[in-house]
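Participant: What follows is the residue order along each chain.
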Amino acid sequence: MSIRQVLLPPRFSRALHENPNTENLAISAWEDVAVSVQELSAALRKQLEDPVDRADKPYMARELITTAVETIEILGSALLRFRNPEHRQFHFASNDELTTLFAAIAQEIPEDEALDFLRLPRPSHDDPKLAAALQHIGKRAQDFLIDFAGYWQANIQSVRWFRHYPACLAWNEPPIIDTSNNPELTRIQAEIKERLPHLLEVIVHPDERGFDYEPLEPTAGRLAAGITRVAIQVLYMISGNQVLEPRSTDPSHRLPKVFPAFTRELPAEQLDALQRWGGYFLVP
Amino acid sequence: LSPEPKPPTAQQARENWLLRLFLLENLLTYIELRRAFVDHLARRAAGAADRRTAARRLDAACHAWTLCDNLLSVYETLAGKINITQESQRRAIQMRVSGRTTTPNVRFHKTIWLYHQLTKLPDEVFHRSQIDRTHAEAILNQLIERSCTTLRDHYATIANYHRKYRDIARAYKHGRALFPLQVTFETDQASGQSRLNAHVDHNVVTAFQRNADGTETVTTLTPDEESDQDVDGVLRIAAEQLPRLRAYIASFRTSCEAYIGWLEGSQPDPIGPGPTFCFFAEPYSPEEEGVMQALRSKRTSST
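Chains A and B, in that order, give the protein sequences. Going by the numbering used here, the first sequence opens with residue 1, and the numbers climb by one from there. Going by the numbering used here, the second sequence opens with residue 1, and the numbers climb by one from there.
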């Protein structure tokens, strides 16, 4: 039986979610999700970068963008839960909730909150190099979350269209519909025709005002894969730091982990301070 | 006596019909690409090992759900003759898809594929094809009946898949709210005491859905042979239907273009080649093949 449903009475539903062990189990085991998203994104990128000129490349780029948006939604739902552990749904956010959340984050997220969200404990050791390194990590976390929020906002409409009802016009179809020699349409068509060899695809959404052109840049897929890769590192960090095992002999289980996306550009002495004085495990 | 309806202007025909047909044709192109992608994911899952297998099967199952959602939306669009140039109408399609709890009746499929037109063909068609009307109509009715039975089965398979995997696909799409947790809830018959247990199991994924009454639906998917077969079933149907849907819509577009040409005075005949009728009644007897061939020849000669 591939699907099984259990209906929990309210008392047991509360007990399940109020038990910190549920959160720990769920988040620690979330690494599987991170691995599979990373694998899917890598497989899509491989197809997109196939030297053969395949007709499905725009589709693959759109799947990559969708994967990036969905990965950001993992972090969005986790952040919603982090801010409000009483949130009605367990690590699940509705479109409206995500819209509000990302609109706020795109403006600002406090550095401390970003570090706490990564489940990164702060060491008590007072060392200027360590403090500088931690500040760098906090700033990176802040920047990443703000960038993710911006990326989500910029792409969610297109992703919803792609997921649910991908009906559109091809770039050359609007003049077949509107034959009134509209000078604005003629201008846009000429512009698109010129740009076309440098684009993956141009689709057109008809709306009440006319035609809304959506060009797909050739770099869009690569950018999406990059966003997914960084978002996955944030997810790994949350998952890996959710529960630490102080008695483990494996430092990657015992110590709080920092992933390379956060330590890139740090000088060697600050990296050393993170390990020596901060007690962090730097993931290679 | 009511006056003859005034024909639309060529521009009205473009905006009201041709635009919709372009949208539908491009929609079907995207759905075909999605089918190929799900097929790729399904094959990738078959080649995986251990923990990777469950994750890859999950990817295939959830993308197949989106494929089903898209196909059901196309059915609703065609059956309801929905004006998809309007955003509000496109949104309403999703509501119609999720609102259907039973498999639609035969009329639904007859409307989509315009089979009722085949029962009202003018005598001229049969004369030109040199076939007896009564005899041909009996054969056409058989073809329609068998096609509708197949289409009902196809619809039921897709709609069942859509319902069965909805909670998992919804959690997958909205931030992968799926966890490798096995949650069991057992009530001891003797004591009446209930026990809740949750533990990590990398072979399953679980979605939590708290309901308005405070209860919680815990849905667990074990990606296995059954889910593989479900995905295969959906892929087979999509592979069978999509080429016919595309040919069918393309034939409408060709007819629409011919009609616009007539409105503009560049075409002598207002009637284009007409729809390409598609049957889902394999295998066909030689007699059935003969009738279908005769009708096809008629259309070719009239174009």
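Hints are not guaranteed to be accurate.
[What the hints assert, rightly or not] Okay, the calculated beta carbon distance ranges per label pair:
{"hint": "1", "chain 1": "A", "residue 1": "His253", "chain 2": "B", "residue 2": "Thr102", "range": "29 to 37 angstroms"}
{"hint": "2", "chain 1": "B", "residue 1": "Thr102", "chain 2": "A", "residue 2": "Ala104", "range": "41 to 49 angstroms"}
{"hint": "3", "chain 1": "B", "residue 1": "Glu186", "chain 2": "A", "residue 2": "His253", "range": "30 to 38 angstroms"}
{"hint": "4", "chain 1": "A", "residue 1": "Thr99", "chain 2": "B", "residue 2": "Gln293", "range": "51 to 59 angstroms"}
{"hint": "5", "chain 1": "A", "residue 1": "Arg195", "chain 2": "B", "residue 2": "Lys81", "range": "33 to 41 angstroms"}
{"hint": "6", "chain 1": "A", "residue 1": "Arg83", "chain 2": "B", "residue 2": "Thr215", "range": "24 to 32 angstroms"}
{"hint": "7", "chain 1": "A", "residue 1": "Asn95", "chain 2": "B", "residue 2": "Gln142", "range": "28 to 36 angstroms"}
{"hint": "8", "chain 1": "B", "residue 1": "Ser98", "chain 2": "A", "residue 2": "Asn182", "range": "55 to 63 angstroms"}
{"hint": "9", "chain 1": "B", "residue 1": "Arg133", "chain 2": "A", "residue 2": "Pro218", "range": "52 to 60 angstroms"}
[To be verified] Derived SDA-like pairs (lysine to any residue); straight-line CA-CA distance at most 20 angstroms:
{"hint": "10", "chain 1": "A", "residue 1": "Lys46", "chain 2": "B", "residue 2": "Leu33"}
{"hint": "11", "chain 1": "B", "residue 1": "Lys164", "chain 2": "A", "residue 2": "His164"}
{"hint": "12", "chain 1": "A", "residue 1": "Lys46", "chain 2": "B", "residue 2": "Ala136"}
{"hint": "13", "chain 1": "B", "residue 1": "Lys120", "chain 2": "B", "residue 2": "Ile139"}
{"hint": "14", "chain 1": "B", "residue 1": "Lys81", "chain 2": "B", "residue 2": "Arg91"}
{"hint": "15", "chain 1": "A", "residue 1": "Lys57", "chain 2": "B", "residue 2": "Leu33"}
{"hint": "16", "chain 1": "A", "residue 1": "Lys46", "chain 2": "B", "residue 2": "Arg44"}
{"hint": "17", "chain 1": "B", "residue 1": "Lys120", "chain 2": "B", "residue 2": "Val97"}
{"hint": "18", "chain 1": "A", "residue 1": "Lys46", "chain 2": "B", "residue 2": "Lys120"}
{"hint": "19", "chain 1": "A", "residue 1": "Lys139", "chain 2": "A", "residue 2": "Pro121"}
{"hint": "20", "chain 1": "B", "residue 1": "Lys164", "chain 2": "A", "residue 2": "Asp207"}
{"hint": "21", "chain 1": "A", "residue 1": "Lys57", "chain 2": "B", "residue 2": "Phe37"}
{"hint": "22", "chain 1": "A", "residue 1": "Lys57", "chain 2": "B", "residue 2": "Gly47"}
{"hint": "23", "chain 1": "B", "residue 1": "Lys81", "chain 2": "A", "residue 2": "Asp207"}
{"hint": "24", "chain 1": "B", "residue 1": "Lys110", "chain 2": "B", "residue 2": "Glu137"}
{"hint": "25", "chain 1": "B", "residue 1": "Lys164", "chain 2": "A", "residue 2": "Lys57"}
{"hint": "26", "chain 1": "A", "residue 1": "Lys46", "chain 2": "B", "residue 2": "Lys164"}
{"hint": "27", "chain 1": "A", "residue 1": "Lys46", "chain 2": "B", "residue 2": "Ala36"}
{"hint": "28", "chain 1": "A", "residue 1": "Lys46", "chain 2": "B", "residue 2": "Phe37"}
{"hint": "29", "chain 1": "A", "residue 1": "Lys57", "chain 2": "B", "residue 2": "Leu263"}
{"hint": "30", "chain 1": "B", "residue 1": "Lys164", "chain 2": "A", "residue 2": "Gln5"}
{"hint": "31", "chain 1": "A", "residue 1": "Lys46", "chain 2": "B", "residue 2": "Ala46"}
{"hint": "32", "chain 1": "B", "residue 1": "Lys110", "chain 2": "B", "residue 2": "Arg91"}
{"hint": "33", "chain 1": "A", "residue 1": "Lys57", "chain 2": "B", "residue 2": "Asp39"}
{"hint": "34", "chain 1": "A", "residue 1": "Lys57", "chain 2": "B", "residue 2": "Arg44"}
{"hint": "35", "chain 1": "A", "residue 1": "Lys57", "chain 2": "B", "residue 2": "Asn26"}
{"hint": "36", "chain 1": "A", "residue 1": "Lys46", "chain 2": "B", "residue 2": "Arg91"}
{"hint": "37", "chain 1": "B", "residue 1": "Lys81", "chain 2": "A", "residue 2": "His164"}
{"hint": "38", "chain 1": "B", "residue 1": "Lys81", "chain 2": "B", "residue 2": "Ala46"}
{"hint": "39", "chain 1": "B", "residue 1": "Lys81", "chain 2": "B", "residue 2": "Gly47"}
{"hint": "40", "chain 1": "B", "residue 1": "Lys164", "chain 2": "A", "residue 2": "Ile3"}
Hints are computed from structural coordinates only; laboratory data are not their basis. The beta carbon of each residue, even a glycine, is placed where N, CA and C say it ideally should be.
Participant: Now tell me if each hint is right for this structure.
Facilitator: Results of checking the hints against the structure:
1. A/His253 with B/Thr102: 29 to 37 angstroms: Given a distance of about 52 angstroms, which is not inside 29 to 37 angstroms, the answer is violated.
2. B/Thr102 with A/Ala104: 41 to 49 angstroms: holds, 43 angstroms
3. B/Glu186 with A/His253: 30 to 38 angstroms: Holds: the Cβ-Cβ distance is about 32 angstroms, inside 30 to 38 angstroms.
4. A/Thr99 with B/Gln293: 51 to 59 angstroms: holds, 56 angstroms
5. A/Arg195 with B/Lys81: 33 to 41 angstroms: holds, 36 angstroms
6. A/Arg83 with B/Thr215: 24 to 32 angstroms: holds, 25 angstroms
7. A/Asn95 with B/Gln142: 28 to 36 angstroms: violated, 48 angstroms
8. B/Ser98 with A/Asn182: 55 to 63 angstroms: Once the Cβ atoms are compared, 38 angstroms apart, the range 55 to 63 angstroms for asparagine 182 of chain A and serine 98 of chain B is violated.
9. B/Arg133 with A/Pro218: 52 to 60 angstroms: Holds: the Cβ-Cβ distance is about 58 angstroms, inside 52 to 60 angstroms.
10. A/Lys46 with B/Leu33: Holds, at roughly 17 angstroms.
11. B/Lys164 with A/His164: holds, 18 angstroms
12. A/Lys46 with B/Ala136: violated, 53 angstroms
13. B/Lys120 with B/Ile139: holds, 14 angstroms
14. B/Lys81 with B/Arg91: Holds, because 14 angstroms separates the two Cα atoms, which is no more than 20 angstroms.
15. A/Lys57 with B/Leu33: holds, 10 angstroms
16. A/Lys46 with B/Arg44: Answer holds: lysine 46 of chain A to arginine 44 of chain B is near 14 angstroms, not above 20 angstroms.
17. B/Lys120 with B/Val97: Between lysine 120 of chain B and valine 97 of chain B the Cα gap is close to 31 angstroms, so the pair fails against 20 angstroms, i.e. violated.
18. A/Lys46 with B/Lys120: violated, 53 angstroms
19. A/Lys139 with A/Pro121: holds, 16 angstroms
20. B/Lys164 with A/Asp207: violated, 35 angstroms
21. A/Lys57 with B/Phe37: Answer holds: lysine 57 of chain A to phenylalanine 37 of chain B is near 11 angstroms, not above 20 angstroms.
22. A/Lys57 with B/Gly47: Distance of about 23 angstroms is beyond 20 angstroms: violated.
23. B/Lys81 with A/Asp207: holds, 19 angstroms
24. B/Lys110 with B/Glu137: Holds, because 16 angstroms separates the two Cα atoms, which is no more than 20 angstroms.
25. B/Lys164 with A/Lys57: violated, 31 angstroms
26. A/Lys46 with B/Lys164: The hint is violated at about 32 angstroms.
27. A/Lys46 with B/Ala36: holds, 16 angstroms
28. A/Lys46 with B/Phe37: Holds. Lysine 46 of chain A to phenylalanine 37 of chain B sits at ~13 angstroms (cutoff 20 angstroms).
29. A/Lys57 with B/Leu263: violated, 39 angstroms
30. B/Lys164 with A/Gln5: Holds: lysine 164 of chain B and glutamine 5 of chain A sit about 10 angstroms apart, inside 20 angstroms.
31. A/Lys46 with B/Ala46: Given pair lysine 46 of chain A, alanine 46 of chain B holds - Cα atoms ~19 angstroms apart, limit 20 angstroms.
32. B/Lys110 with B/Arg91: Not satisfied, since the Cα-Cα distance of roughly 24 angstroms exceeds 20 angstroms.
33. A/Lys57 with B/Asp39: holds, 16 angstroms
34. A/Lys57 with B/Arg44: holds, 18 angstroms
35. A/Lys57 with B/Asn26: holds, 16 angstroms
36. A/Lys46 with B/Arg91: violated, 34 angstroms
37. B/Lys81 with A/His164: holds, 18 angstroms
38. B/Lys81 with B/Ala46: violated, 39 angstroms
39. B/Lys81 with B/Gly47: Cα-Cα ~42 angstroms, so violated.
40. B/Lys164 with A/Ile3: At roughly 7 angstroms apart (the allowed maximum being 20 angstroms), isoleucine 3 of chain A and lysine 164 of chain B satisfy the hint.
Going through the hint list in order, the structure does not satisfy hints 1, 7, 8, 12, 17, 18, 20, 22, 25, 26, 29, 32, 36, 38, 39.
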